[in-house]
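J.: The lines below spell out each chain.
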Amino acid sequence: MEEVLAITDKVVDKYGGDPESLVEVLREVNDKSGYLSREHLARIAERLSQPLSKVYGVASFYSLINLEPLGQHVIRFCQDAPCHIVGGREVWEALEKELGIPFGETTLDGQWSLLTTSCIGACAVGPVMMVDDDIHGNLTPEKVRDIIADYREQDERATATAVQGGQV
Amino acid sequence: MARRAHIILSGTTAQVQKVKAAFLESLDEFGLTDEVDVLEAAEMTVSPRGVEAVVYPDVVHYVQLTPQDAPTIVEEHLYKGRPVGELIYEEQIVEPLEAPSTKEVRVVLRNVGKINPERIDDYIAEDGYAALGKVLTEMSPEDVIAEIKRSGLRGRGGAGFPTWLKWTFARQSSADEKYVICNGDEGDPGAFMNRRVLEGDPHAVIEGMAIAAYAIGASQGYFYVRAEYPIAIRMLRIALAQARDYGLLGESIFGTDFGFDLEVRMGAGAFVCGEETALMQSIEGKRGQPRTRPPYPATSGLWDKPTNINNVETYANVPQILLKGGEWFASMGTEKSKGTKTFAIAGKVARTGLIEVPLGITVREIVYDVGGGVLNDKAFKAVQTGGPMGGCIPEQYLDMSVDYETLAEVGSIMGSGGFVVMDEETCMVDIARFFIDFAQEESCGKCVPCRVGTRKMLETLNRICGGEGKPGDIETLETLGQYVTLGSLCGLGQGAPNPVLSTIEHFREEYEAHIYDKRCPAKVCRALIKYEIDPVTCIGCTRCARNCPVSCITGAPREVHVIDQDICIRCGICAQVCPVDAVSVE
Amino acid sequence: MKSLEELRKIKERALERRKLSGEGARARIVVAMGTCGIAAGARDTMSAILGELEKQDIANVIVTQTGCIGLCEYEPIVQIQVGDSETVTYGNISTDRVPTLIETHIVDGEPVEAWKVRK
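Chains as they are written, first to last, in numbering that gives the first Met the number 0: chain A, 0 to 167; chain B, 0 to 585; chain C, 0 to 118.
Be aware that one or more of the hints could be misleading.
In silico contact screen, one side only, chain C against chain B (beta carbon under 10 Å); selected entries [as the list claims (entries may be wrong)]:
| id | residue |
| --- | --- |
| 1 | Arg16 |
| 2 | Val29 |
| 3 | Ala31 |
| 4 | Ile37 |
| 5 | Val60 |
| 6 | Gln64 |
| 7 | Ile68 |
| 8 | Cys71 |
| 9 | Ile76 |
| 10 | Glu112 |
| 11 | Ala113 |
Quick list of in silico lysine-lysine cross-link-like pairs, DSSO-like style, CA-CA up to 27 Å [to be verified]:
| id | chain 1 | residue 1 | chain 2 | residue 2 |
| --- | --- | --- | --- | --- |
| 12 | C | Lys18 | B | Lys323 |
| 13 | B | Lys102 | A | Lys142 |
| 14 | A | Lys142 | B | Lys19 |
| 15 | A | Lys9 | B | Lys113 |
| 16 | B | Lys133 | C | Lys115 |
| 17 | B | Lys304 | B | Lys335 |
| 18 | A | Lys53 | A | Lys96 |
| 19 | B | Lys304 | B | Lys445 |
| 20 | B | Lys102 | B | Lys285 |
| 21 | B | Lys529 | B | Lys377 |
| 22 | B | Lys285 | B | Lys377 |
| 23 | A | Lys31 | A | Lys53 |
| 24 | C | Lys10 | B | Lys133 |
| 25 | B | Lys455 | B | Lys522 |
| 26 | A | Lys53 | B | Lys304 |
| 27 | A | Lys31 | B | Lys285 |
| 28 | B | Lys455 | A | Lys13 |
| 29 | C | Lys10 | B | Lys113 |
| 30 | B | Lys148 | B | Lys285 |
| 31 | B | Lys79 | A | Lys53 |
| 32 | C | Lys115 | A | Lys142 |
| 33 | A | Lys96 | B | Lys522 |
| 34 | A | Lys53 | A | Lys13 |
| 35 | B | Lys469 | B | Lys529 |
| 36 | B | Lys285 | A | Lys13 |
| 37 | B | Lys445 | A | Lys53 |
| 38 | B | Lys17 | A | Lys142 |
| 39 | B | Lys79 | C | Lys8 |
| 40 | B | Lys445 | B | Lys455 |
No lab work stands behind these hints, which were simulated from the structure alone. As the structure is a prediction and not an experimental result, all values here were calculated from the model. By construction, the Cβ of each residue, glycine as well, lies at the ideal position given by its N, Cα and C atoms.
Could you put together the complete structure from these sequences and hints?
T.: Structure (structure tokens):
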């Protein structure tokens, strides 16, 4: 709870508590915390002197603002037509199969969230997806499996190092 | 370690792997592993010349290679330095990749890909900020607007409203504060021209905005850029800092009393924010919902002040027009559509990417001369222009001129310049469904016809693609489409039915095939197709059965295999893995 | 920025520096780093180029970036200019091709025909 307040206050202060910076504040707190809990929203409403209903209304309007926690890695797959006609459907299915969840959900172990995004403007190298902040293009079902395997391997290595260093 | 030679192999993947393995083995034998590198070419395709190898640095081109040839080449050529004559390809031509044709004319993209966007000096070297200097020291705001009028520049965001007129309205509104906004909320699927300009030449847009600010009498501007473009935002921020550092933004620019500064505002993932009134709501920290016009932004815009809002590409044209003159710009294009336009070419075309061509070019020239034709020599079916609010243009209009008026005549729009090519394997009902799904999801919900109408249209299309279409569905779509267009406030709602209406107009028989014959002519809609194995061609290799995700293929090794249609999910994997192309789709 | 004269001076300085000799370099490598380039792996290509130059101890080569050059399906794209010769544009430069490219074009001064994109 204290962390929620600290993060939120820091962002609100950066924008000088200006109510007109609401969208910016929401997005930035969202990026820092991964999602906006009720506590986040309440604090933002309080600090910007706005009704909570309005803050919630704005937050739920924009698709890049999450109102629920997401997995450690977030895949945003482009769902738009240009990627669809060059084989997006097959890649989409491969993603669902590989992670064992349908679009819009997070794996039970909290590792992966599978979301869609609107066009990220890399249509010439479609199908395209973003994994966290990295863009991957020219996707095929095979390539998707390799990419996910790479991330899993990196995570395992990171955990192993952390265990060795006694940080866990 | 530096290698003294490199071998690059091409051919089909499987064969290349064998030859590569043979090369690696014999290189090892001769102790050359550290000296010679074996690489694969980018394009792995079937070639009449079989597996090919080019040995660098001497550029010797070998063809028709088998694994048995590898030891010979390694021993003779790489170890003893004597190229193996009988294996060398006579003409020694190494085919270069093909690049865009000469139909391009670059105004907006003139610096993109040429300069380093992180260095303002690079832009200045290309006459950057010279137009702003000229405007501030030699021209009155009225002169600037007159020059833009001579150029015939129209809004590049889609609607094509004359830029000079927009600026005049904003200039004539009196207020203590005015704003200029750059609409960089490029949300159309398949459109990425603005992204490229912002990433590759941000100063051109900044300069164009400063000129617009001077013309209308504003001192503050905003960039509204979608959050999906992090690189564009980073480049813009760097560019703004450098422009401020040079005093090209801030107080008394070029020693005059004109002052101007810019801020970047990021979107948060709402397509409708590309609509100008919604965009301004979003900058003000609200839900980005469109409002009625009038009042237009030119009289009452951001914070109710007179505001000029143009798209990225429109602003990027401005400095060039003022440097080279309105007549120069007006010499390109058609009578009513002047200058050049950028198009993002995507879909089933040989060369995807971004181009800039004079308006008035034909669809055929874009698809075939610039785009290199339809991918894999399939038949051209249609091109979708104008993004999710645009329409599909069929083959019969291949020779039409691409300009604002002609596009509107055939039921499409210019939009921001998306150009998605579709071939015979694209189902027009499926694609219409896709676009309406997009509109339905992005509808802000303010107008009922848009919110509910697009949903009803999507449900109908889902049924048709799912094999449950009924007589009357096409007519329902047409009626609903008209209601949505008439009853919506903003461009999103008014244009949302367009992809459906234009595909019905031009491809009605495809809709009918889905509804009455329960058939998808392009073989895309899964409920309407089935996969079958040709008993004559099948060699009983078992590969399809082993790869089938639902195990619905049966058959003993070396015997004909059969697909159980009741279990089959029509994923098409069997057709992809079959080595003899025995799997067909009906 | 106080005058047109000041702008002109910056322009001249920038033009001078753009010539390879102006920065005392013998070659320039430009990697297209737009979204499409990065999606296709331009970042890896860039670090592979820097790594290879360091590994081979090659100095006096400017490595810089530019935006998308419009040949998105050939990304990652790399442009190389050696001395006063014409700039060569290469397509599909994945990391495994970088050593050959540096070796052949920068060290030996021979463009790699097979990977060229014809302008």
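J.: Each hint: holds or not?
T.: Evaluation of the provided hints:
Given the 10 Å rule on beta carbons, the hint for Arg16 of chain C holds: about 7 Å separates it from the nearest Cβ of chain B. About 8 Å separates the beta-carbon of Val29 of chain C from the nearest beta-carbon of chain B, less than 10 Å, and the hint is met. At about 6 Å, the closest approach between the beta carbon of Ala31 of chain C and any beta carbon in chain B falls short of 10 Å, and the interface hint on this residue holds. Taking 10 Å as the C-beta cut-off, the interface hint given for Ile37 of chain C holds, the closest approach to chain B being about 7 Å.
Interface hint status for Val60 of chain C: violated, as the beta-carbon distance to the closest one in chain B is roughly 15 Å, over 10 Å. For the restraint placing Gln64 of chain C at the interface with chain B, the shortest Cβ-Cβ distance is roughly 6 Å, inside the 10 Å limit, so the hint holds. Annotation: Ile68 of chain C was flagged as interfacial toward chain B, and the flag holds, the nearest CB pair being 3 Å apart, inside 10 Å. A least Cβ separation of about 4 Å between Cys71 of chain C and chain B falls short of the 10 Å threshold, and the interface hint therefore holds.
The restraint placing Ile76 of chain C at the interface with chain B holds, with a minimum CB-CB distance near 8 Å, inside the 10 Å limit. A hinted interface residue such as Glu112 of chain C counts as satisfied when its beta carbon comes closer than 10 Å to some beta carbon of chain B; here the least separation is about 4 Å, so the hint holds. Annotation: Ala113 of chain C was flagged as interfacial toward chain B, and the flag holds, the nearest CB pair being 5 Å apart, inside 10 Å. With a CA separation close to 26 Å, the supplied pair Lys18 of chain C and Lys323 of chain B stays within the 27 Å bound.
A hinted pair counts as satisfied when its Cα atoms are at most 27 Å apart, and Lys102 of chain B with Lys142 of chain A does not qualify at roughly 35 Å. Using a Cα cut-off of 27 Å, the hinted pair Lys142 of chain A and Lys19 of chain B holds, with the two alpha carbons roughly 22 Å apart. Our distance criterion of 27 Å between C-alpha atoms is broken by Lys9 of chain A and Lys113 of chain B, whose separation comes to about 40 Å. Between the alpha carbons of Lys133 of chain B and Lys115 of chain C the distance comes to roughly 41 Å, so the proposed pair goes past 27 Å and is violated.
Taking the CA atoms of Lys304 of chain B and Lys335 of chain B, the gap is near 31 Å; set against the 27 Å cutoff, the hint is violated. Distance check on the hinted pair: Lys53 of chain A and Lys96 of chain A sit about 39 Å apart at the alpha-carbon level, beyond 27 Å; violated. A threshold of 27 Å between alpha carbons decides the hint, and for Lys304 of chain B with Lys445 of chain B the separation of about 24 Å falls inside it, so the pair holds. Taken as a hint, the Lys102 of chain B and Lys285 of chain B pair is broken in the structure, with Cα atoms around 44 Å apart against an allowance of 27 Å.
Taking the CA atoms of Lys529 of chain B and Lys377 of chain B, the gap is near 22 Å; set against the 27 Å cutoff, the hint holds. Using a Cα cut-off of 27 Å, the hinted pair Lys285 of chain B and Lys377 of chain B is violated, with the two alpha carbons roughly 48 Å apart. Only pairs whose Cα atoms come within 27 Å are accepted, and Lys31 of chain A paired with Lys53 of chain A is accepted, the gap being roughly 21 Å. At most 27 Å may separate the alpha-carbon atoms for a hinted pair to count; Lys10 of chain C and Lys133 of chain B meet this at roughly 15 Å.
Restraint check: the Cα-Cα separation between Lys455 of chain B and Lys522 of chain B comes to about 25 Å, which is no more than 27 Å; the hinted pair holds. Between Lys53 of chain A and Lys304 of chain B the alpha-carbon distance is near 24 Å, which keeps this suggested pair within the 27 Å criterion. With a C-alpha separation of about 21 Å, the suggested pair Lys31 of chain A and Lys285 of chain B falls inside the 27 Å cut-off, and the hint holds. For the suggested pair Lys455 of chain B and Lys13 of chain A, the alpha carbons sit about 44 Å apart, so the restraint of at most 27 Å is broken.
With a C-alpha separation of about 16 Å, the suggested pair Lys10 of chain C and Lys113 of chain B falls inside the 27 Å cut-off, and the hint holds. Taking the CA atoms of Lys148 of chain B and Lys285 of chain B, the gap is near 35 Å; set against the 27 Å cutoff, the hint is violated. With a CA separation close to 79 Å, the supplied pair Lys79 of chain B and Lys53 of chain A exceeds the 27 Å bound. Proximity of Lys115 of chain C to Lys142 of chain A is assessed by CA-CA distance (about 26 Å); at most 27 Å being required, the pair is judged to hold.
Distance restraint check for Lys96 of chain A and Lys522 of chain B: the Cα-Cα separation of roughly 23 Å lies within the 27 Å cut-off, and the hinted pair is therefore satisfied. Between Lys53 of chain A and Lys13 of chain A the alpha-carbon distance is near 21 Å, which keeps this suggested pair within the 27 Å criterion. A threshold of 27 Å between alpha carbons decides the hint, and for Lys469 of chain B with Lys529 of chain B the separation of about 21 Å falls inside it, so the pair holds. A hinted pair counts as satisfied when its Cα atoms are at most 27 Å apart, and Lys285 of chain B with Lys13 of chain A qualifies at roughly 19 Å.
Only pairs whose Cα atoms come within 27 Å are accepted, and Lys445 of chain B paired with Lys53 of chain A is accepted, the gap being roughly 16 Å. A distance of roughly 22 Å separates the Cα atoms of Lys17 of chain B and Lys142 of chain A; the hinted pair therefore holds under the 27 Å criterion. About 58 Å separates the Cα atoms of Lys79 of chain B and Lys8 of chain C, which puts this hinted pair outside 27 Å; it is violated. Between Lys445 of chain B and Lys455 of chain B the CA atoms are separated by roughly 16 Å; this keeps the pair inside 27 Å, and the hint holds.
Of the hints listed earlier, those the structure fails to meet are numbers 5, 13, 15, 16, 17, 18, 20, 22, 28, 30, 31, 39, in rising order.
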